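Under this note's numbering, think of the first position of the sequence shown as 1, with each following residue one higher.
Incorrect hints may have been included.
[Claimed, not checked] Here are the simulated SDA-like cross-link-like pairs (lysine to any residue), alpha carbons at most 25 Å apart as the crow flies: (1) Lys5 / Ala43; (2) Lys5 / Val206; (3) Lys166 / Asp180; (4) Lys185 / Phe155; (5) Lys153 / His178; (6) Lys5 / Val22; (7) Lys153 / Leu143; (8) Lys254 / Trp238; (9) Lys19 / Glu3; (10) Lys106 / Gly41; (11) Lys28 / Met40; (12) Lys5 / Arg210; (13) Lys106 / Lys153; (14) Lys19 / Ile208; (15) Lys153 / His135; (16) Lys106 / Leu130; (17) Lys19 / Gly211; (18) Lys28 / Ile157; (19) Lys166 / Gln181; (20) Lys166 / Val222; (21) Lys153 / Phe64; (22) Lys153 / Phe97; (23) Lys166 / Met40.
[Said to hold, decoys possible] With beta-carbon atoms standing in for the labels, derived distance ranges: (24) Arg167 / Val22: 15 to 23 Å; (25) Lys106 / Glu163: 20 to 28 Å; (26) His236 / Thr8: 45 to 53 Å.
FYI, nobody ran anything at the bench for these hints, they're computed from the structure.
A quick note: this is a predicted structure, and the numbers were derived from the prediction, not measured.
Note that the Cβ used here is the ideal one computed from N, Cα and C, for glycine as well.
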Amino acid sequence: MAETKLSTHTNEALFLRDKNLVEDVMGKMSFTDAMFYHIMGVAPSAGQRAILDAVLVTLMEHGFTPSAIAARMTYLSAPEAMQSAVAAGLLSVASQFIGTMENAAKVLEDIANDPNGQDTACQRIVQQHLDSGNHMPGFGHHLHRPDDPRTPKLFEIAMAHDEIDKRPIAMMQSLGQHVDQIYGKHLTINATGATAAVLMGAAVPVRIMRGFAVISRAAGLVAHVMEEQQNPAGRHIWDLVDNNIPYTGNALIKPAP
1 MAETKLSTHT
11 NEALFLRDKN
21 LVEDVMGKMS
31 FTDAMFYHIM
41 GVAPSAGQRA
51 ILDAVLVTLM
61 EHGFTPSAIA
71 ARMTYLSAPE
81 AMQSAVAAGL
91 LSVASQFIGT
101 MENAAKVLED
111 IANDPNGQDT
121 ACQRIVQQHL
131 DSGNHMPGFG
141 HHLHRPDDPR
151 TPKLFEIAMA
161 HDEIDKRPIA
171 MMQSLGQHVD
181 QIYGKHLTIN
191 ATGATAAVLM
201 GAAVPVRIMR
211 GFAVISRAAG
221 LVAHVMEEQQ
231 NPAGRHIWDL
241 VDNNIPYTGN
251 ALIKPAP
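Construct the complete structure from the given sequences, taking the supplied hints into account.
So this is what it looks like as structure tokens:
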């Protein structure tokens with residue numbers, strides 16, 4: 001039989017898991033605390049709270065990336081439904097943009113579970129990605145070179161709290177050393193790679209990590225919708241595509257007389 005532990009209510013009260021929403025949550029728990037408690041079933045420690053706050057801020061805004069463009073274009077089409085614009089943008093939180101910490105965390109899990117040890121696992125994984133031509137999850141950035149400035153800050157926040165497991169950070173840093181050695185060049189540990197390490201250290205399951213990216217990016221997309229209301233860019237984006245993506249078919253070729 002299906003069941004839930006997430007919420008219930010009576011005529012007099014509403015409950016978030018086992019807490020009375022009015023008496024125990026409202027005015028007493030921050031959004032981060034209530035969110036973590038609702039998802040994980042336990043209140044966050046000070047370290048978990050600090051990491052989640054930092055991750056949510058880090059992932060909230062990345063400029064005119066595919067998720068923001070999708071949101072703005074959808075708002076252009078349906079300005080009466082802001083939620084549709086935000087939903088359209090959230091569909092882009094996936095394995096290539098924003099949600100890539102899940103891919104990086106799976107690599108860290110692979111390293112942690114390798115019976116041959118961390119160094120051997122790192123070398124194996126990096127070599128496999130190089131040989132296959134696949135992107136190395138958690139590494140590289142087209143703008144932040146030589147290093148992503150967000151990464152050391154996320155690590156610093158995690159390292160400041162004793163209850164946070166530091167081993168995922170050490171694994172990510174070791175992986176970075178092997179990436180540089182095997183690729184023959186420096187590739188920064190990017191923000192999503194760092195996010196994978198600190199969330200793993202905060203005991204967040206790999207399979208749910210992308211959910212925090214969804215929550216964070218929703219706030220950023222609301223900001224994009226509000227700016228679209230005040231200073232529209234959607235039509236300009238459409239015009240850029242229309243003027244710069246040429247038609248190369250045969251429809252406009254006049255037939256020979």
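Worksheet item: Lying within 20 to 28 Å: is that true of the beta-carbon distance Lys106 to Glu163?
Response: holds, 24 Å
Discussion item. Please verify whether Lys254 and Trp238 have alpha carbons no more than 25 Å apart.
Written reply: Violated, at about 28 Å.
Discussion item. For Lys19 and Glu3, compute the direct alpha-carbon distance and say whether it is at most 25 Å.
Written reply: Holds: Lys19 and Glu3 sit about 18 Å apart, inside 25 Å.
Worksheet item: Is the straight-line distance between the alpha-carbon of Lys19 and that of Ile208 25 Å or less?
Response: The given pair, whose Cα atoms are some 22 Å apart, holds under the 25 Å limit.
Worksheet item: That 45 to 53 Å hint for His236 and Thr8 (C-beta), does it hold up?
Response: Holds, at about 49 Å.
Worksheet item: If you draw a straight line from the CA of Lys153 to the CA of His135, is it 25 Å or shorter?
Response: Cα-Cα ~24 Å, so holds.
Worksheet item: Is it true that the CA of Lys153 sits at most 25 Å from the CA of Phe64?
Response: holds, 23 Å
Discussion item. Check whether the Cα positions of Lys166 and Asp180 lie no farther apart than 25 Å.
Written reply: holds, 22 Å
Worksheet item: Can the restraint linking Lys5 and Ala43 be considered satisfied, given a maximum Cα separation of 25 Å?
Response: holds, 15 Å
Discussion item. So if I understand the rule, the pair passes when the alpha-carbon distance is 25 Å or less; does Lys28 with Ile157 pass?
Written reply: holds, 24 Å
Worksheet item: Is the straight-line distance between the alpha-carbon of Lys153 and that of His178 25 Å or less?
Response: holds, 22 Å
Item to complete: Starting from Lys185, check that the Cα of Phe155 is at most 25 Å away, please.
Response: holds, 22 Å
In summary, the structure is inconsistent with hints 8, 20 and 24 from the numbered list given earlier, while agreeing with the others.
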